[in-house]
Amino acid sequence: MTKIDAKIPDGNLAEKWTKFKSSVSLVNPSNKRSLEIIVVGSGLAGASAAASLAELGYKVKVFCFQDSPRRAHSIAAQGGINAAKNYQNDGDSVYRLFYDTIKGGDYRAREANVHRLAEVSGSIIDQCVAQGVPFAREYGGLLSNRSFGGTQVQRTFYAAGQTGQQLLLGAYSALQRQVGMGNVQLFTRHEMLDVVTIDGKARGIIARDSVSGALERHFGHAVLLCTGGYGNVFYLSTNAMGSNVTAAWKAHKKGAFFANPCYTQIHPTCIPVSGDHQSKLTLMSESLRNDGRIWVPKKENDTRKANEIPEDERDYYLERRYPAFGNLVPRDIASRAAKERCDAGFGVGSSKMAVYLDYAAAIIRYGKGEANKHNMHSPTDEEIQSMGKAVVKEKYGNLFDMYKQITGEDPYEVPMRIYPAVHYTMGGLWVDYNLMTTVPGLYALGEANFSDHGANRLGASALMQGLADGYFVIPYTIGAYLAAEIRTPSMSTDSEDFVKAEKAVQDRLETLMNIKGSKPVDYFHKRLGKIMWDECGMARSEKGLKASIKEIQALQKEFWSDVKIPGEINNLNLELEKAGRVADFLELGELMCIDALDRNESCGGHFRIEYQTEDGEALRDDDKYAYVAAWEYEKQSSFKLHKEELKYENIKIAQRSYK
Amino acid sequence: MEGNLNLTLKIWRQKNTQTAGKFETYQVSGISTDMSFLEMIDVLNNRLIEEGDDPVAFDHDCREGICGMCSMYINGRPHGPNRGVTTCQLHMRSFKDGETITVEPWRASAFPVIKDLVVNRSAFDRIIAAGGFISVNTGNAQDANNLPINKDNADDAFAAAACIGCGACVAACKNASAMLFTSAKISQLALLPQGQIEAATRAQAMVAQMDEEGFGACSNTGACEAECPKGISIENIARMNREYFSATFSSK
Ligand SMILES: Cc1cc2nc3c(=O)[nH]c(=O)nc-3n(C[C@H](O)[C@H](O)[C@H](O)COP(=O)(O)OP(=O)(O)OC[C@H]3O[C@@H](n4cnc5c(N)ncnc54)[C@H](O)[C@@H]3O)c2cc1C
Ligand code: SF4
Ligand code: FES
Numbered sequence: 048m049t050k051i052d053a054k055i056p057d058g059n060l061a062e063k064w065t066k067f068k069s070s071v072s073l074v075n076p077s078n079k080r081s082l083e084i085i086v087v088g089s090g091l092a093g094a095s096a097a098a099s100l101a102e103l104g105y106k107v108k109v110f111c112f113q114d115s116p117r118r119a120h121s122i123a124a125q126g127g128i129n130a131a132k133n134y135q136n137d138g139d140s141v142y143r144l145f146y147d148t149i150k151g152g153d154y155r156a157r158e159a160n161v162h163r164l165a166e167v168s169g170s171i172i173d174q175c176v177a178q179g180v181p182f183a184r185e186y187g188g189l190l191s192n193r194s195f196g197g198t199q200v201q202r203t204f205y206a207a208g209q210t211g212q213q214l215l216l217g218a219y220s221a222l223q224r225q226v227g228m229g230n231v232q233l234f235t236r237h238e239m240l241d242v243v244t245i246d247g248k249a250r251g252i253i254a255r256d257s258v259s260g261a262l263e264r265h266f267g268h269a270v271l272l273c274t275g276g277y278g279n280v281f282y283l284s285t286n287a288m289g290s291n292v293t294a295a296w297k298a299h300k301k302g303a304f305f306a307n308p309c310y311t312q313i314h315p316t317c318i319p320v321s322g323d324h325q326s327k328l329t330l331m332s333e334s335l336r337n338d339g340r341i342w343v344p345k346k347e348n349d350t351r352k353a354n355e356i357p358e359d360e361r362d363y364y365l366e367r368r369y370p371a372f373g374n375l376v377p378r379d380i381a382s383r384a385a386k387e388r389c390d391a392g393f394g395v396g397s398s399k400m401a402v403y404l405d406y407a408a409a410i411i412r413y414g415k416g417e418a419n420k421h422n423m424h425s426p427t428d429e430e431i432q433s434m435g436k437a438v439v440k441e442k443y444g445n446l447f448d449m450y451k452q453i454t455g456e457d458p459y460e461v462p463m464r465i466y467p468a469v470h471y472t473m474g475g476l477w478v479d480y481n482l483m484t485t486v487p488g489l490y491a492l493g494e495a496n497f498s499d500h501g502a503n504r505l506g507a508s509a510l511m512q513g514l515a516d517g518y519f520v521i522p523y524t525i526g527a528y529l530a531a532e533i534r535t536p537s538m539s540t541d542s543e544d545f546v547k548a549e550k551a552v553q554d555r556l557e558t559l560m561n562i563k564g565s566k567p568v569d570y571f572h573k574r575l576g577k578i579m580w581d582e583c584g585m586a587r588s589e590k591g592l593k594a595s596i597k598e599i600q601a602l603q604k605e606f607w608s609d610v611k612i613p614g615e616i617n618n619l620n621l622e623l624e625k626a627g628r629v630a631d632f633l634e635l636g637e638l639m640c641i642d643a644l645d646r647n648e649s650c651g652g653h654f655r656i657e658y659q660t661e662d663g664e665a666l667r668d669d670d671k672y673a674y675v676a677a678w679e680y681e682k683q684s685s686f687k688l689h690k691e692e693l694k695y696e697n698i699k700i701a702q703r704s705y706k
Numbered sequence: 252m253e254g255n256l257n258l259t260l261k262i263w264r265q266k267n268t269q270t271a272g273k274f275e276t277y278q279v280s281g282i283s284t285d286m287s288f289l290e291m292i293d294v295l296n297n298r299l300i301e302e303g304d305d306p307v308a309f310d311h312d313c314r315e316g317i318c319g320m321c322s323m324y325i326n327g328r329p330h331g332p333n334r335g336v337t338t339c340q341l342h343m344r345s346f347k348d349g350e351t352i353t354v355e356p357w358r359a360s361a362f363p364v365i366k367d368l369v370v371n372r373s374a375f376d377r378i379i380a381a382g383g384f385i386s387v388n389t390g391n392a393q394d395a396n397n398l399p400i401n402k403d404n405a406d407d408a409f410a411a412a413a414c415i416g417c418g419a420c421v422a423a424c425k426n427a428s429a430m431l432f433t434s435a436k437i438s439q440l441a442l443l444p445q446g447q448i449e450a451a452t453r454a455q456a457m458v459a460q461m462d463e464e465g466f467g468a469c470s471n472t473g474a475c476e477a478e479c480p481k482g483i484s485i486e487n488i489a490r491m492n493r494e495y496f497s498a499t500f501s502s503k
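Respectively, the protein sequence lines represent chains A and B.
Our numbering numbers the first residue of the first sequence as 48 and each following residue consecutively.
Our numbering numbers the first residue of the second sequence as 252 and each following residue consecutively.
Calculated from the structure, these hints are not laboratory results.
Do not take every clue at face value.
To be verified - Derived coverage of chain B by chain A (criterion: at least 3 residues anywhere in the stretch with Cβ under 8 angstroms from a Cβ of chain A; other residues may be distant):
(1) 336 to 343
(2) 380 to 393
(3) 396 to 405
(4) 412 to 420
We treat Cβ as the ideally placed atom computed from N, Cα and C, and that holds for glycine.
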């Protein structure tokens, strides 16, 4: 078994990063100008990395498949971004953010990485404000905070329900500034279809220009994959339609280990599925759990309308089961609790696969608060309602509007119906402390790596991680590698390795086009999604997983013999792009089931029904499974497991309790 | 699930930038009113694929009104008949059984058609690259709360920053002007103390790039504001003009 080395610096946890920064090799400014870096992805991780590296003087190329870097999926993040600023004086600190993240991740994340994340979190907010990101503010002009699941402090910064948009536009502006200065070359509507390795090191990529269909070879002294998460393996998820695993999967096949693929986050508050036509699911931000109360009727199969069910016939099951955290328990716990109630027959709505998220109490509370503020001594109910609704509108208006557009119901008047949906993938390419994969010179940042969230991510921590990786980690850690590359001249892309890699990509595209089967790509994607959701979703079992692996293998065969792709190879061909992505999802889905089967415990987002406590909580097995599962690709359907042991030197590992 | 609709679709088909395009007519039936407009096109596309035809190419990604990628000109209006929503947020409950729906790409010489309903909006990226930023390198920032910002200004800046870069304003304008888009960014940054230092040069640079891209002039008809899915206010254009003229004035 090859040993994987996480390269965690020595020393006390709190000093590792500082010591690393002051001892890491540097590249002098004139050498930076001759070093080229490829950044695939322009989300928070990619845009922040590309801008920061270009500012340092490196020559950067950025690729994204959308028509503009500003459209990366990060744009859709709603609720907020965490930082240990302690502006609220409520007991927050770097250590507490570190602790909450490790505990929230159910003790399956690496201590050193998480501590570094907490350390740099404050600088992210400073940087974003300096860029002009319009975070929410109080009347005194200072920044406002709110709380998110899994924490008892208010450390989340936000811009209404559009935090991801504002953060990404900040990073995008910084990126475009470098584009304007000629330090970054931008390749939009380009899809990376392979990593090129030369003598074991990543040296470039093969990309397809989506408009012309032409394949291109690009050289880089280092390649950064900032390509986001793979939740769309489930077909229906809250991810954007184009989100995919292709870049990471190609890297995996070129030698990069894939870590903890089965750790999937199912988000508790999404708009329920309404029919077969559905193409994606919409998140209702977790920030709604700050003020909204979640409930189902106490009576099984209650068909009354929500507003007709009296208070004492409602079961606020999260408040009942978890009095300490109530509606703010972590996502995995909230999702399973919703599933438990619906499976037991207490669900609401026409499908009975939904629970209520109710704002009535919050509206009254806010309305009374406003009345006090304005010295109104006996406000009428209507006045309270209307002032309360105004406050809720300011805080969550765009989310409420979105709900109304999709469902046709007004959430200011009736409680929202919500149900869990696939949202985020904690797993991803294995990286060391420097964010380098097992392929030298190939890095993974943001949701594409596995590094910081263990088996469950806390809300508002993905934005933090993406920007930490891009603004504050990679600019330092990449020096450790590139300092030794200053004598490597820029390489010609006419070399055999590049030509061969391009040929392989070309062959695969032609093979896909030539199948000329009978079913559109979506048909296969939907079937894969159903298998994954049923057997590798919120609850998993040995039996189900074993059967799924077989089913997925059969589906792979069927796909490669019966998919039908219209159009031409040398033109914009969205079906061909989709087909390539689904082909990779079909392989990833298999690995996810293999990983879930290997992990004979329940932790965070991975819940094996065989391993639970008497009251239905996840039951970890720290003696046997306190490791990162890093899978090496051997050949089709064959993966080798490497284990990175997780050592907890600063936190006492304990059963997670939010009661 | 409400009723089902039968519809006639007249959709602009164009192979690529070089070839001329034309309308094709399609019938779709059994469309649920719960579907989104794009899901309705998905249904049509999967049928076209099964019949061996090329599906209709269109841009989309988030399908929740925030990425700015979707861009259909529906029945003569960018993003369709409803106010304040993008194409992807438009639902079929806004249409009637038996209706004929015309779907076109954004029309503007600065946004050439790539294929069918897909256009090239990279001009917007170049306008931002010309000056839509605050010049602050990573690591240069002071503590965020050292710079209190008046809440009203912060809220106005946020309202301008809500622009999703979709280009509906350009598509709605008879002159294909990009003033609303450009002014939203200029306003956002000019409203914040961090952004004021470069306000004048920013306005000049962005306006110059906008002109170079071939967008038309503004004749104050307000169609952009009416069709903008994010409610970007035309007041931003006035603010941009102030920044711009103060810049040209002081540079003399
Ligand atoms: C609806 C929603 C709401 C969320 N809300 C929050 C929140 O409130 N707080 C929080 O912390 N997190 C939130 N998250 C999670 C968070 O948004 C993401 O984890 C994060 O934005 C991912 O950023 P990224 O930079 O890693 O990747 P992305 O933003 O997904 O960017 C991926 C980039 O890679 C490019 N790309 C991918 N594959 C290829 C390829 N093969 N070739 C070329 N380019 C490629 C894409 O074009 C894109 O530019 C939310 C997620 C969703 C789905
Ligand atoms: S101003 Fe409005 S219409 Fe124009 S690009 Fe921005 S969001 Fe779209
Ligand atoms: S698809 Fe993103 S705004 Fe419509």
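Taking the earlier hints as the rules, which of them does this structure contradict?
none
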